[in-house]
Amino acid sequence: MSKYLAIFRIRFVNSLQYRVAALAGMATQFAWGMMEILAFSAFYKVSPASFPMSFSQTVSYIWMQQAFLALFMTWFFEEEIFASITSGSIAYELARPVDLYGRWFCLSAANRLAKAVLRCFPILIIAFIVPDPYRLSLPASRPQFILFLLAAVLSLGVVVAFSMLVYISAFYTLSARGVRVISAVMADFLAGATIPLPFFPQPFRAIAELLPFASMQNMPLRIYSGHISGLDAFRGISLQVFWLITLVLVGKLMMKNALRKVIVQGG
Amino acid sequence: MLRLYAKYFAMHLKSQMQYKTSFFLTAIGQFLVSFTALLGIWFMFLRLHEVEGFTFQQVLLSFATILMSFSLAECFGRGFDVFPRLISNGEFDRIMVRPRPIIFLVLASQIEFTRIGRLLQAILVFAYALPTSGVVWTWDKKLLLILMIVCGSIVFFCLFLVYAAITFFTIEGLEFMNIFTDGGREFGRYPFAVYGKKVLRFLTFVIPLALFQYYPLLYLLDIRPDKHYMMLPVLSLLFVIPACAFWRFGLSRYKSTGS
Numbered sequence: 001m002s003k004y005l006a007i008f009r010i011r012f013v014n015s016l017q018y019r020v021a022a023l024a025g026m027a028t029q030f031a032w033g034m035m036e037i038l039a040f041s042a043f044y045k046v047s048p049a050s051f052p053m054s055f056s057q058t059v060s061y062i063w064m065q066q067a068f069l070a071l072f073m074t075w076f077f078e079e080e081i082f083a084s085i086t087s088g089s090i091a092y093e094l095a096r097p098v099d100l101y102g103r104w105f106c107l108s109a110a111n112r113l114a115k116a117v118l119r120c121f122p123i124l125i126i127a128f129i130v131p132d133p134y135r136l137s138l139p140a141s142r143p144q145f146i147l148f149l150l151a152a153v154l155s156l157g158v159v160v161a162f163s164m165l166v167y168i169s170a171f172y173t174l175s176a177r178g179v180r181v182i183s184a185v186m187a188d189f190l191a192g193a194t195i196p197l198p199f200f201p202q203p204f205r206a207i208a209e210l211l212p213f214a215s216m217q218n219m220p221l222r223i224y225s226g227h228i229s230g231l232d233a234f235r236g237i238s239l240q241v242f243w244l245i246t247l248v249l250v251g252k253l254m255m256k257n258a259l260r261k262v263i264v265q266g267g
Numbered sequence: 001m002l003r004l005y006a007k008y009f010a011m012h013l014k015s016q017m018q019y020k021t022s023f024f025l026t027a028i029g030q031f032l033v034s035f036t037a038l039l040g041i042w043f044m045f046l047r048l049h050e051v052e053g054f055t056f057q058q059v060l061l062s063f064a065t066i067l068m069s070f071s072l073a074e075c076f077g078r079g080f081d082v083f084p085r086l087i088s089n090g091e092f093d094r095i096m097v098r099p100r101p102i103i104f105l106v107l108a109s110q111i112e113f114t115r116i117g118r119l120l121q122a123i124l125v126f127a128y129a130l131p132t133s134g135v136v137w138t139w140d141k142k143l144l145l146i147l148m149i150v151c152g153s154i155v156f157f158c159l160f161l162v163y164a165a166i167t168f169f170t171i172e173g174l175e176f177m178n179i180f181t182d183g184g185r186e187f188g189r190y191p192f193a194v195y196g197k198k199v200l201r202f203l204t205f206v207i208p209l210a211l212f213q214y215y216p217l218l219y220l221l222d223i224r225p226d227k228h229y230m231m232l233p234v235l236s237l238l239f240v241i242p243a244c245a246f247w248r249f250g251l252s253r254y255k256s257t258g259s
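For the record, the sequence lines run as chains B and V. Quick note: the first sequence uses this note's numbering, first residue 1, plus one each step. Quick note: the second sequence uses this note's numbering, first residue 1, plus one each step.
Treat the hints with care, as some may be off.
Below, simulated SDA-like cross-link-like pairs (lysine to any residue); rule was C-alpha separation at most 20 Å, straight line [stated by the list, open to error]:
#1 Lys198/V x Ala31/B
#2 Lys197/V x Phe82/B
#3 Lys256/B x Ser89/B
#4 Lys256/B x Lys45/B
#5 Lys20/V x Thr173/B
#6 Lys45/B x Lys141/V
#7 Lys45/B x Lys20/V
#8 Lys141/V x Leu221/V
#9 Lys20/V x Arg177/B
#10 Lys252/B x Tyr4/B
#11 Lys252/B x Phe82/B
#12 Lys255/V x Arg98/V
#13 Lys45/B x Trp42/V
#14 Lys227/V x Pro242/V
#15 Lys45/B x Arg98/V
#16 Lys45/B x Phe43/V
Everything labelled a hint here was simulated from the structure, so no lab data went into it.
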C-alpha cells in the first residue's frame, strides 16, 4: 500500500507545478460555467416549472462540475500511459515490482486530484460571490455534504477504472485515438456532462441511471445540489460501489489477458 | 501557390488514409461529439417549445451554421491549432527559411480530414432545419446563409491565428483561448442573444461571433427585415485586421526554442 501512496504523492506534487496553466484553465472553466448557466437561465425564464431540477440546483450542479472538472471528466486521459504502450517503454514498466494496474490507477487518480485541488478553490470562491440567481449554494446539511464527499471519491474511482479499460484497449489496437474519443464522448454524455441526467426524457433517463456512467459525476453533483438525498443517496452510493468493484475486476482481467500476449513495440 | 496547396492536400489525404480504422473511428468520434450536443438541445426542447422566441428548428439553424463554419476552419486551419507543437519541436524554424509565405506554410502543414464527421453532422442538421424552420428561402436569404458560413469560417480561422500568435510569447498554448474557439462552437448552438445583453455586446464588438450567427438569423426569420442585416457577416471580416496584425507582432518577437 505504501508504494502506491508514494506513487500517488510524487504524481500529485508533480502536477502541482503547472501553475500558469492552472490559472488559464481556471479562467476558462469559470467563463465556461457562466455561459452554461446563462443558457439554462434562458430556458428557465420561459417556464421554470417544466424542469426536473430547480434553477439553483442546476446552478450548483454546473459550478461544482466546473470546479472539479479534472476529477470527473473521462476525456482527460494520461498521454504517458498510451505512449508507453505504443512506444514499447511498457517493457520497463513490466520489470518493476509493482502491479501495473495499481500503478496506473494511482497515477491517473493522483493527476486528476492534483489538477482539481489546484483549480477548484478560486472557482468555488468566485462562484460563491457572484450575484444571486447565479450563486453557488451551500449543501442543505452537513450529512448531505459528507455524502457528497463520499460520492465524489467513489466517482473518481469509477472514472479512473473506466479509463483503465480504454488504456488496456490500446494493447490491442495500438492507435487508441478513435476508441478514446468515442468512449469519452459517450461516457461523458451518459454521466450528465452535457445536461444533467434528470433532464433526459423517459425511458432514456431510467436506463441511463443504471449504467456505470451514472456513477460518475452524476451522483456527487446531484447529491451536492440536493436533488438526491436520504435513502436515494444511499442507493446511489451503493450502485457506485458496485460499479467500481465491477469495473476494477473487469479491468484487471483484461489486463492479465493483454499482458499474457503482449508484444513490446521496438526498442 | 494553389497548385502547391493541392499537392499538400493530396499528400495529407494519402497519409491519413494509411490508418483507415483510426481515421474512421476518429471521424465517428467527431460526429458523436456534436451529436451529444444536438441531443442536449433536443432534450431541452422536449420540455419547452421555444427559447428567446426561437423554436427548435430555428435554433438548429444557428447550431448548424456555427458547426459548419467551425469544422471548415478547423479542418484547414489545423496547423494553427497545433501550433504550440510546431514551436516547441523547432519545426517552425524550418518553415521560416522556406521561400513561401509563412501563413501559407503553416496552413499547408496540417489538414485534418477527420473533421468530416462534424461537417457531415452540420449538413444533416441543415437538411432537417432548412425546410422546417419556417424560412421562405428567397435568393437573398440563400445568399445570406452562404455568407454566414463563409464569414464564420474566416472568423474562426482568425481565432486560431490569434491562438497561435499568443504561442510566440508563451511557447505553451494558452488554454483560455478555448473559450472563444471551442466555446464559440459549443455555445453557438443557441442564438447568442440567449446569453443576455452583455455577452451579446461582447460577441458583437470584440469577438464578432454574433455578426455571422444571431443578427443574420433575425433577417432569415423576418424578425428584422432590414437589408442592412445582410451586410453584417461581411462586417465580421473586419476581425481579420487585428488578428493578422497581432500575428505579425508576435512573429516579430519570435525567439526559437532551439530544439
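Structure-based check of all given hints:
Of the supplied pair hints, the one linking Lys198/V and Ala31/B holds, its CA atoms being roughly 13 Å apart against a limit of 20 Å. A distance of roughly 45 Å separates the Cα atoms of Lys197/V and Phe82/B; the hinted pair therefore is violated under the 20 Å criterion. Taking the CA atoms of Lys256/B and Ser89/B, the gap is near 18 Å; set against the 20 Å cutoff, the hint holds. Using a Cα cut-off of 20 Å, the hinted pair Lys256/B and Lys45/B is violated, with the two alpha carbons roughly 54 Å apart.
Taken as a hint, the Lys20/V and Thr173/B pair is honoured in the structure, with Cα atoms around 12 Å apart against an allowance of 20 Å. A distance of roughly 31 Å separates the Cα atoms of Lys45/B and Lys141/V; the hinted pair therefore is violated under the 20 Å criterion. Between Lys45/B and Lys20/V, the direct Cα distance comes to roughly 47 Å. Violation of the 20 Å bound is thereby established for this hinted pair. A distance of roughly 9 Å separates the Cα atoms of Lys141/V and Leu221/V; the hinted pair therefore holds under the 20 Å criterion.
Between the alpha carbons of Lys20/V and Arg177/B the distance comes to roughly 12 Å, so the proposed pair stays at or under 20 Å and holds. For the hint linking Lys252/B to Tyr4/B, the alpha-carbon distance of about 16 Å falls within 20 Å, and the restraint holds. Pair hint Lys252/B plus Phe82/B holds up; C-alpha atoms about 17 Å apart against a cutoff of 20 Å. Between Lys255/V and Arg98/V, the direct Cα distance comes to roughly 17 Å. Compliance with the 20 Å bound is thereby established for this hinted pair.
For the proposed pair Lys45/B and Trp42/V, the alpha carbon gap of about 18 Å is at most 20 Å, so the pair holds. Our distance criterion of 20 Å between C-alpha atoms is broken by Lys227/V and Pro242/V, whose separation comes to about 27 Å. Using a Cα cut-off of 20 Å, the hinted pair Lys45/B and Arg98/V is violated, with the two alpha carbons roughly 57 Å apart. Only pairs whose Cα atoms come within 20 Å are accepted, and Lys45/B paired with Phe43/V is accepted, the gap being roughly 17 Å.
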